[in-house]
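One gets the numbering used here by counting positions in the sequence shown from 1 and adding 205 to each.
Since the hints were made in silico from the structure, they are not lab data.
Remember, predicted model here, so these are calculated numbers, not experimental data.
The beta-carbon is built from N, C-alpha and C at its ideal position, and this holds for glycine as well.
Careful, some of the hints might be misleading.
[Unchecked claim] If you anchor each label on the Cβ, the simulated ranges turn out as follows:
(1) E277 to L339: 45 to 53 angstroms
(2) R333 to M390: 23 to 31 angstroms
(3) N251 to E409: 17 to 25 angstroms
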Amino acid sequence: MLDPICTRYDGFYLVPLPFSSEMVRANCDGLKTATRRPAGSAILRNAQEALKQRLNVVGWVREAWQATYATEHGTSGDYFDLTKQERDRSTISAVRYRADEELRGAANSIRWVPAMHMPFERNRLFMRITAIDLVRLGDISEQDAVDEGVSACIGRVSVGFHPSAVSLFQSIWSASYGVWNADQMVYRISYERPIAGPVSSYIEVYQEIAA
Numbered sequence: 206m207l208d209p210i211c212t213r214y215d216g217f218y219l220v221p222l223p224f225s226s227e228m229v230r231a232n233c234d235g236l237k238t239a240t241r242r243p244a245g246s247a248i249l250r251n252a253q254e255a256l257k258q259r260l261n262v263v264g265w266v267r268e269a270w271q272a273t274y275a276t277e278h279g280t281s282g283d284y285f286d287l288t289k290q291e292r293d294r295s296t297i298s299a300v301r302y303r304a305d306e307e308l309r310g311a312a313n314s315i316r317w318v319p320a321m322h323m324p325f326e327r328n329r330l331f332m333r334i335t336a337i338d339l340v341r342l343g344d345i346s347e348q349d350a351v352d353e354g355v356s357a358c359i360g361r362v363s364v365g366f367h368p369s370a371v372s373l374f375q376s377i378w379s380a381s382y383g384v385w386n387a388d389q390m391v392y393r394i395s396y397e398r399p400i401a402g403p404v405s406s407y408i409e410v411y412q413e414i415a416a
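Please work from the sequences and hints to get the whole structure.
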């Protein structure tokens, strides 16, 4: 089984990227082809080095999710009903994703597992990363902000009115990281349009073609 955090795997380097529900939908709709993350991450530093070595660097999306488990005793429960040991011994009978349930208006009735706790085998969206650059946060342009998928948040009451894409991005960044510091150095991750499906299957097909 692949290391769910980050790993070199037959010429691939896998990188987990947590996204909010809005940004998951922006990725699914092809509205987002870049993301900025605070500098200092060893995972992203290693991925940047992997790109220099001409390895295939692939990001896989971590998102809020929930699952229903069928236990070995014939009972069922969701993620929070069972201990880790019970979940490991059980079979998942259904998986739900917050990004989908929000569109159906059912998200508020579900206790979601945070994106950071999504296991590798539950991923359903991935992207080929083309560049990882260290940049100043405040240097973001209007086009950069559009590439970040901010259009997916336009009109949402939670983010309010903003006169520009950069202003909206600043609001989204502050909500995620607590403060906007224009001089902060961040990793700008650029990628191709995301692909639906488990990244492990993509790797298997890629290797078969290469062989």
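Now for the hints, and whether the structure bears them out:
In this structure the hint that E277 and L339 lie 45 to 53 angstroms apart at CB holds, the actual value being about 49 angstroms. The supplied range of 23 to 31 angstroms is met by R333 and M390, whose beta-carbon atoms lie about 24 angstroms from each other. The hinted window of 17 to 25 angstroms between N251 and E409 holds, with their beta carbons roughly 23 angstroms apart.
In summary, this structure violates none of the numbered hints.
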